[in-house]
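Trainee: As a plain string of letters, each chain reads:
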Amino acid sequence: MLLRAVGRQMTSVIRHQTAVRNIAISRVALGGGGHHHDPQPVYIPKPGSLDWSLCSSPHAKSAHPFEPYKPDVGSFVGAVVFIGLTVAAVLLKTDTFKKDDGHHHHHTHSHSKQSSHKKEEEVVHHEEPEEKHEEVPSLETRNTEEVHAAHEAPAAVEDPVPSTSKNVDKEAVASESAETKTAEPEDNSAEAQEKPEGTPAAGHDATPSTSKVRSYHFKYAFKFLKSLERKAQNYQNLTFLFFQTAEEPTTSESKEEKSPLHCEYVIIGSGTAAYYASLAIRAKQAEAKVLMIGEETELPYNRPPLSKELWWYGDESAATKLDYTSLSGKKRDIFYEVSGFFVSPEDIPKAVHGGVSLLRGKKAVKICAEDKKVILDDGTTVGYDKVLIATGVRPKKEKVFEEASEEAKERITYYHYPKDFKRVESGLADKSVQKLTIIGNGLLASELAYSIKRKYGDGVEVHQVFEQNHPAEDILPAHLAQKSSEAIRSSGVDLRAKQKVEGVRKCCKNVVLKLSDGSELRTDLIIVATGEETNSEIIEASGLKIDEKEGGVKADKYLKVTDNVWAAGAIATYEDSILGARRVSSWENAQISGRLAGENMATAGKSEKAFWYQPSFFTKFAPHLHINAVGQCDSSLETVTVHAEPDPENPLEKAVVFYKSKTDGTVVGVLLVNVFGPSLDVARRIIDDRKRVEEFKEIAKLFPLYELPKTEEETKEKSA
Amino acid sequence: MTSTKDEVLRITADEYWQDIKDDYVRQVIMKESGEFYPSNNPGPETPDGKVNFECHCVGHLVASPCGYEFREAISCQKSANEKEIEEGACGKELLSFMECVTRTQCFAAGPNEEK
Chain A
1 MLLRAVGRQM
11 TSVIRHQTAV
21 RNIAISRVAL
31 GGGGHHHDPQ
41 PVYIPKPGSL
51 DWSLCSSPHA
61 KSAHPFEPYK
71 PDVGSFVGAV
81 VFIGLTVAAV
91 LLKTDTFKKD
101 DGHHHHHTHS
111 HSKQSSHKKE
121 EEVVHHEEPE
131 EKHEEVPSLE
141 TRNTEEVHAA
151 HEAPAAVEDP
161 VPSTSKNVDK
171 EAVASESAET
181 KTAEPEDNSA
191 EAQEKPEGTP
201 AAGHDATPST
211 SKVRSYHFKY
221 AFKFLKSLER
231 KAQNYQNLTF
241 LFFQTAEEPT
251 TSESKEEKSP
261 LHCEYVIIGS
271 GTAAYYASLA
281 IRAKQAEAKV
291 LMIGEETELP
301 YNRPPLSKEL
311 WWYGDESAAT
321 KLDYTSLSGK
331 KRDIFYEVSG
341 FFVSPEDIPK
351 AVHGGVSLLR
361 GKKAVKICAE
371 DKKVILDDGT
381 TVGYDKVLIA
391 TGVRPKKEKV
401 FEEASEEAKE
411 RITYYHYPKD
421 FKRVESGLAD
431 KSVQKLTIIG
441 NGLLASELAY
451 SIKRKYGDGV
461 EVHQVFEQNH
471 PAEDILPAHL
481 AQKSSEAIRS
491 SGVDLRAKQK
501 VEGVRKCCKN
511 VVLKLSDGSE
521 LRTDLIIVAT
531 GEETNSEIIE
541 ASGLKIDEKE
551 GGVKADKYLK
561 VTDNVWAAGA
571 IATYEDSILG
581 ARRVSSWENA
591 QISGRLAGEN
601 MATAGKSEKA
611 FWYQPSFFTK
621 FAPHLHINAV
631 GQCDSSLETV
641 TVHAEPDPEN
651 PLEKAVVFYK
661 SKTDGTVVGV
671 LLVNVFGPSL
681 DVARRIIDDR
691 KRVEEFKEIA
701 KLFPLYELPK
711 TEEETKEKSA
Chain B
1 MTSTKDEVLR
11 ITADEYWQDI
21 KDDYVRQVIM
31 KESGEFYPSN
41 NPGPETPDGK
51 VNFECHCVGH
61 LVASPCGYEF
71 REAISCQKSA
81 NEKEIEEGAC
91 GKELLSFMEC
101 VTRTQCFAAG
111 PNEEK
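Residue numbers (full-length UniProt numbering), protein chains in the order written: chain A, 1 to 720; chain B, 1 to 115.
So here's chain A without its partners, still in its complex pose:
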């Protein structure tokens, strides 16, 4: 934190100029209107020179086609004074940093306070934790947290740690007695040099120290605190400048800090694809700086549990904490990381060893590929070297529900976000929802019907209404779709197939659905899960190509969209070397394409990899119906299903479904019903090999349709 202050002073001269340039440019880029929300170009564009968009500053570009941010400073000198003042005025009036701002006063303040406290704490730390109690009561909790974290860290690293933990302690003791050390994190070069080299205190406050050492500590601590105080003061001043508070007049330093955010890797979206892309980038490039811009306010999370595990294995805390007990017995929540994992967007430019930053609740509205910047809905711009589009999908709106009365709408929810789970779960838990209707026949609707019935049993009436014949019939071949309908019905879900919802109205405490067969369905809550649509506004706004058939942004086999722009997850329609242009909305596709895009971004120009690993998906929407599938599992294709004999001891009837390509009859997809083991990899092999199968019973032998009988084990091995 303090480094920021020091670093700022040190570089202010150099950066001053840059900042002035940046301001100037961003002004031009923003259209010079001085208002973020209504940008207007200040000059008349020549035909073809400007698309009246927020993008590009033709002046800069024409002069320096490859360095649009480095125009002739001289030409701006006159403007700068004026612009600077305008910017200042605007900043004082508007909320550039959005909600962060209000928060920042407080934040800034508490931050510097915190940092000094922290040091204070850590210095004192070496003696006795009690010392600091009166002064900073809250530190105790903090302290234990830290110790806890320190203890946890080795667990995360696994084996290497136990072997050294002993000598870590030894070293710590040795270093303590040899010389007083502060616990100041060797935050960064400049700061670290001013103090004795950092040795973390957390984790060994139990270390006994002699009174002599203690008094020395005190002396040192006092001195140290003094200096901190000074710095904190300084820091505070600077941060005030940074955030342009009304108390401080605008100075050149503030301008410098107003330079638009820039990050070498920018990811638009904060879902699964975005998260895994960030991991892959940092794995390839140790010190990479990644900035995720997410419209959602949640931390990146794992979506599938919203219709599965949270219902199956969640308890009372699920509705608030979004957690469940995994099969291994561990409690876990849906979030990939805790907030401490993400470096704050203000800090990321200065993070010496990089990191992943997250800008939450901001929507990117446009990519200016030529200028390498992203424009957010609040008008701010973020520069990038490479950008990933991972905006994903959202629930498709249904007209009949959109047109419902406002009071009926209170009883209607789409289902996609954690808040939707919370709402439904808490309604069911407090019994305000006892009759539930789910609209749709897709995997989400079907999983929800099953999962909710599984959790609440007779405590809830679950209806599933859809226009089609069967659940998941666009995936399952007809006979399996029918079987699953039967399985769902026998599990207690009321299926209303071939029913269109013709109207919704509020009635008394409930809502009433009017179905196309004339019947009415009274229900406490309606979940609409009829499908998804892509978050593609930014694609259109940025002039990028949308795949007409699949709907996503068109990417090549490397997941690349255009220069320095990649796409991953459910928004990307990429070239699959076997299956052609595909857009897949599944968790695993998000993970795999996210990782690949991240790798390719990090290795661009060196060793890009084409998409190769077929993503699979798992679903369960009836008891004893575990479905795993990979490839193109589209029920409009010709299929061959190989069933095992029904097993009297086991209600699970195993089956493998092969989907045949329309063009050449090769196997392009495999769906497994209650078949496990390495079957997905076998399926990937078959798809990769473009196998044209004549004898499906033969190829079915590659899948464990039967348990290996012990007596035959040897014979089998021999024959193989």
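Hints were generated in silico from the structure; no laboratory data involved.
Listed below are several chain B residues computed to face chain A (Cβ distance under 10 Å; list not exhaustive): (1) V8; (2) L9; (3) T12; (4) Y16; (5) W17; (6) F36; (7) S39; (8) N40; (9) V58; (10) G59; (11) C66; (12) C100; (13) C106.
Far from chain A, some chain B residues (derived; all Cβ distances over 10 Å): (14) G43; (15) E45; (16) T46; (17) P47; (18) D48; (19) G49; (20) K50.
Result set (BS3-like, lysine-lysine): computed pairs, CA atoms no more than 25 Å apart in a straight line: (21) A:K545 - A:K560; (22) A:K697 - B:K5; (23) A:K691 - B:K31; (24) B:K92 - A:K350.
Glycine included, C-beta positions come from ideal geometry on N, C-alpha and C.
Since the structure of chain A is already known, use the hints to place chain B on it.
Mentor: Then chain B, alone, in the frame of chain A:
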């Protein structure tokens, strides 16, 4: 109920355990389990015996704000022999990693964790 485009077969246990005649199926089944298809997750070690930081197993560690410290600590660990470690090698790296983890709270929910 079965349309012509959807073929449904049933394989009995006897049929299933009969010798495999199809060459392709034979060729696939000869592979050791797990090698039917390459994994998209590289192992924890590179061919030259170093830590593979692209292994998914360390994905969130290297991506964390302490990723650099983690790399230093583990690389040191890996290259040092037991005796050196006994003697305190890599302690500094490890401490620096632990310190970072403690400071950033990057793996543990802090007291004011909001989600």
